[in-house]
Amino acid sequence: MSTTAERVQPALAGLAVQSSTSREGTLTLEVPAAAAWETIRRLKETAGFDTNTFVTAVDRFPAEPRFEVVWQFLSSANAERVRVRARIGGTDPRVRTITDLFPGAAYSERECWDMFGIRFDGHAGLKRLLMPQAYEHFPLRKDFPHQGIEPDRLYREWDRVRRERPVNRDLPHAPQES
Amino acid sequence: MATTTKVFEYNRGSLEGDDPLHGELMELNMGPQHPATHGVLRLRVMLDGETMREVEPDVGYLHRGKEKTCESLGWRKFFVHTDRLDYVQPLMNNVSYALALEKLAGLEVPERGQIIRVLLMELSRIGAHLIYLGTTGIDLGAVTMFFFTFKEREALYTLLDAYTGHRMNNTYVRIGGVYADVEDEVGREIGKWLEHFLTAVDEFESMLSGNRIWYDRNRDIGVISKELALAWSLNGPNLRGSGFEFDLRKQTPYSGYERYKFDVAVGTRGDCYDRYLVRVEELRQSARICQQALELLKQTKGGEFLADDRRFVLPPKDKVRSSMEELIHQFKIVTDMALPVGEAYFGIESSKGELGFYVVSDGTSHPVRCHIRAPGLMNVQAIPVLMKDRLYSDTVSIIGSLDFVMGEVDR
Numbered sequence: 001m002s003t004t005a006e007r008v009q010p011a012l013a014g015l016a017v018q019s020s021t022s023r024e025g026t027l028t029l030e031v032p033a034a035a036a037w038e039t040i041r042r043l044k045e046t047a048g049f050d051t052n053t054f055v056t057a058v059d060r061f062p063a064e065p066r067f068e069v070v071w072q073f074l075s076s077a078n079a080e081r082v083r084v085r086a087r088i089g090g091t092d093p094r095v096r097t098i099t100d101l102f103p104g105a106a107y108s109e110r111e112c113w114d115m116f117g118i119r120f121d122g123h124a125g126l127k128r129l130l131m132p133q134a135y136e137h138f139p140l141r142k143d144f145p146h147q148g149i150e151p152d153r154l155y156r157e158w159d160r161v162r163r164e165r166p167v168n169r170d171l172p173h174a175p176q177e178s
Numbered sequence: 001m002a003t004t005t006k007v008f009e010y011n012r013g014s015l016e017g018d019d020p021l022h023g024e025l026m027e028l029n030m031g032p033q034h035p036a037t038h039g040v041l042r043l044r045v046m047l048d049g050e051t052m053r054e055v056e057p058d059v060g061y062l063h064r065g066k067e068k069t070c071e072s073l074g075w076r077k078f079f080v081h082t083d084r085l086d087y088v089q090p091l092m093n094n095v096s097y098a099l100a101l102e103k104l105a106g107l108e109v110p111e112r113g114q115i116i117r118v119l120l121m122e123l124s125r126i127g128a129h130l131i132y133l134g135t136t137g138i139d140l141g142a143v144t145m146f147f148f149t150f151k152e153r154e155a156l157y158t159l160l161d162a163y164t165g166h167r168m169n170n171t172y173v174r175i176g177g178v179y180a181d182v183e184d185e186v187g188r189e190i191g192k193w194l195e196h197f198l199t200a201v202d203e204f205e206s207m208l209s210g211n212r213i214w215y216d217r218n219r220d221i222g223v224i225s226k227e228l229a230l231a232w233s234l235n236g237p238n239l240r241g242s243g244f245e246f247d248l249r250k251q252t253p254y255s256g257y258e259r260y261k262f263d264v265a266v267g268t269r270g271d272c273y274d275r276y277l278v279r280v281e282e283l284r285q286s287a288r289i290c291q292q293a294l295e296l297l298k299q300t301k302g303g304e305f306l307a308d309d310r311r312f313v314l315p316p317k318d319k320v321r322s323s324m325e326e327l328i329h330q331f332k333i334v335t336d337m338a339l340p341v342g343e344a345y346f347g348i349e350s351s352k353g354e355l356g357f358y359v360v361s362d363g364t365s366h367p368v369r370c371h372i373r374a375p376g377l378m379n380v381q382a383i384p385v386l387m388k389d390r391l392y393s394d395t396v397s398i399i400g401s402l403d404f405v406m407g408e409v410d411r
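Residue numbers (our numbering), protein chains in the order written: chain Y, 1 to 178; chain B, 1 to 411.
Since the hints were derived computationally from the structure, they do not count as laboratory data. Check each hint, because a few of them may be wrong.
[Claimed, not checked] 25 Å max Cα-Cα, derived BS3-like pairs, lysine-lysine: (1) 68(B) x 192(B); (2) 261(B) x 319(B); (3) 301(B) x 192(B); (4) 317(B) x 77(B); (5) 319(B) x 332(B); (6) 250(B) x 261(B); (7) 319(B) x 44(Y); (8) 142(Y) x 127(Y); (9) 127(Y) x 332(B); (10) 192(B) x 226(B); (11) 332(B) x 388(B); (12) 127(Y) x 250(B); (13) 301(B) x 317(B); (14) 261(B) x 298(B); (15) 298(B) x 44(Y); (16) 261(B) x 142(Y); (17) 142(Y) x 301(B); (18) 192(B) x 261(B).
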């Protein structure tokens, strides 16, 4: 048992946590989605993990439960890392936000919603981060093709606006009517 | 009609009253095509007179879907894409990605390979910080800084060209080491340049540190406390500027950083000026590490620089042409280099903060997931905290001092 695991163990008493070690030696805690927030709160307040490194997800499509939500934390005093993982199903995936504990997780959670369509309950201002607000798909899901889904509604709208835009014929390089 | 005293008290003013510099909130758009946003960052600013009451960054204008690209290209071919994340320090991105894959594969890099990596990473850090000094200088009116730093950066790029074969987008790092060993002559040239560079850093400091305009526009601007910086996941020089001594090179040493003597620069106040001082000191410390690495390269002359593991590392070309086994290895690696089942994360101290790759493998040549932990995104996230209730003109100082590159923020 590594020292990180020993340090973390008392903080997690009474929670259904399965711990393992990843290939680079980071302690990984597998928890039910409902207990994730409580685990993270205890990690922060009792075990001293004070910075959120990232929040992301892994899509195991077509397996079910489909998504793994992954949180990673760093203890700046001990320079230790811990990873928390919870599995959630593909229909209406949602977990509780951790922005009340770590305000710095806000963008990571927005990105996770943007890319995987996982809702973070309680997140103030959960909207798309990288894709346009009106975008309809979740690009990092495995059933989304890499070349994109085109022409979708958003692209058609952009195309229409571009075609209907009035052209100033006085500009030197404007297309001239023949 | 406002009285004179009220007008000059605009910084402490309220929304009430007949103060002409306050009143209704105005929404102002800055960017994405704004030269002072260092790329394509868009800010939505709610202005009360000249004071920013609310700031909302809008990112994603340079989103290229790098993580999805990694999933469809496979482990090996994604190396060239890591260069294009933070394009002012491509070698740093290469090393970070390679380290994550090596953790997954359980591969050790030979000593000389590690030394070359450290040398290149520190040279990239110098290059990235020079960009910060030059562009922030130009934003705040010190236009000469841009020419001074870019003169040094040009010399650095010439050296990197001689070393890696490319000025930018080097793709010099491989799983298990680096692509090639280098001539002694290039090492000597780098040593000569470092000597000159240390005097150039003094010159930069003499131009900026005591400069009244630079001082006034950075001191006590964009202040963030140590606790808030940690809570908002701020990292790199921005975190150290707030007085928190945290450097992954010291805390979780990788690539043999424990062998090098260097100091971690830490600020005290957490304002733009401290972040500037931290970066200037890091220029000196990076040069110091480079000099030690060059010394170590002399001692390990002729050593292995690439791991000898035919599951992941390409065989030398001359052997491929004479040996059937090596040809098969080459074919296997190029077409279908599988990594073991599992997941790994490795974070390194890049010039912007903790740059890490979280990689998940299902035992095939294509990743299940490759998440890029971009330090720049976390630094952009802190913009509303830093800019709240500050003057509009401070946006330029704060954006400059956070020093993010949109290629990495948007991925």
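Going through the hints against the structure:
For the hint pairing residue 68(B) with residue 192(B), the CA-to-CA distance comes to about 43 Å; that exceeds 25 Å, so the pair is violated. Proposed proximity of residue 261(B) and residue 319(B) is contradicted: the alpha carbons are some 39 Å apart, above 25 Å. A threshold of 25 Å between alpha carbons decides the hint, and for residue 301(B) with residue 192(B) the separation of about 19 Å falls inside it, so the pair holds. The suggested pairing of residue 317(B) with residue 77(B) holds, with an alpha-carbon distance near 19 Å, which does not exceed 25 Å.
Restraint check for residue 319(B) and residue 332(B): the C-alpha separation of about 15 Å stays at or below 25 Å, so the hint holds. At most 25 Å may separate the alpha-carbon atoms for a hinted pair to count; residue 250(B) and residue 261(B) meet this at roughly 10 Å. Annotation: proposed proximity of residue 319(B) to residue 44(Y) is violated, straight-line Cα distance about 54 Å (limit 25 Å). Of the supplied pair hints, the one linking residue 142(Y) and residue 127(Y) holds, its CA atoms being roughly 21 Å apart against a limit of 25 Å.
For the hint pairing residue 127(Y) with residue 332(B), the CA-to-CA distance comes to about 43 Å; that exceeds 25 Å, so the pair is violated. Proximity of residue 192(B) to residue 226(B) is assessed by CA-CA distance (about 39 Å); at most 25 Å being required, the pair is judged violated. Between residue 332(B) and residue 388(B), the direct Cα distance comes to roughly 55 Å. Violation of the 25 Å bound is thereby established for this hinted pair. The hinted pair formed by residue 127(Y) and residue 250(B) fails the criterion: a straight-line CA distance of about 37 Å is larger than 25 Å.
Straight-line distance between C-alpha atoms of residue 301(B) and residue 317(B) comes to about 21 Å, which keeps the hinted pair within the 25 Å bound. With a CA separation close to 17 Å, the supplied pair residue 261(B) and residue 298(B) stays within the 25 Å bound. Among the hinted pairs, residue 298(B) with residue 44(Y) is inconsistent with the structure: their alpha-carbon atoms are about 46 Å apart, more than 25 Å. Proximity of residue 261(B) to residue 142(Y) is assessed by CA-CA distance (about 46 Å); at most 25 Å being required, the pair is judged violated.
For a cut-off of 25 Å, the pair hint linking residue 142(Y) to residue 301(B) is broken: about 47 Å separates their Cα positions. Proximity of residue 192(B) to residue 261(B) is assessed by CA-CA distance (about 20 Å); at most 25 Å being required, the pair is judged to hold.
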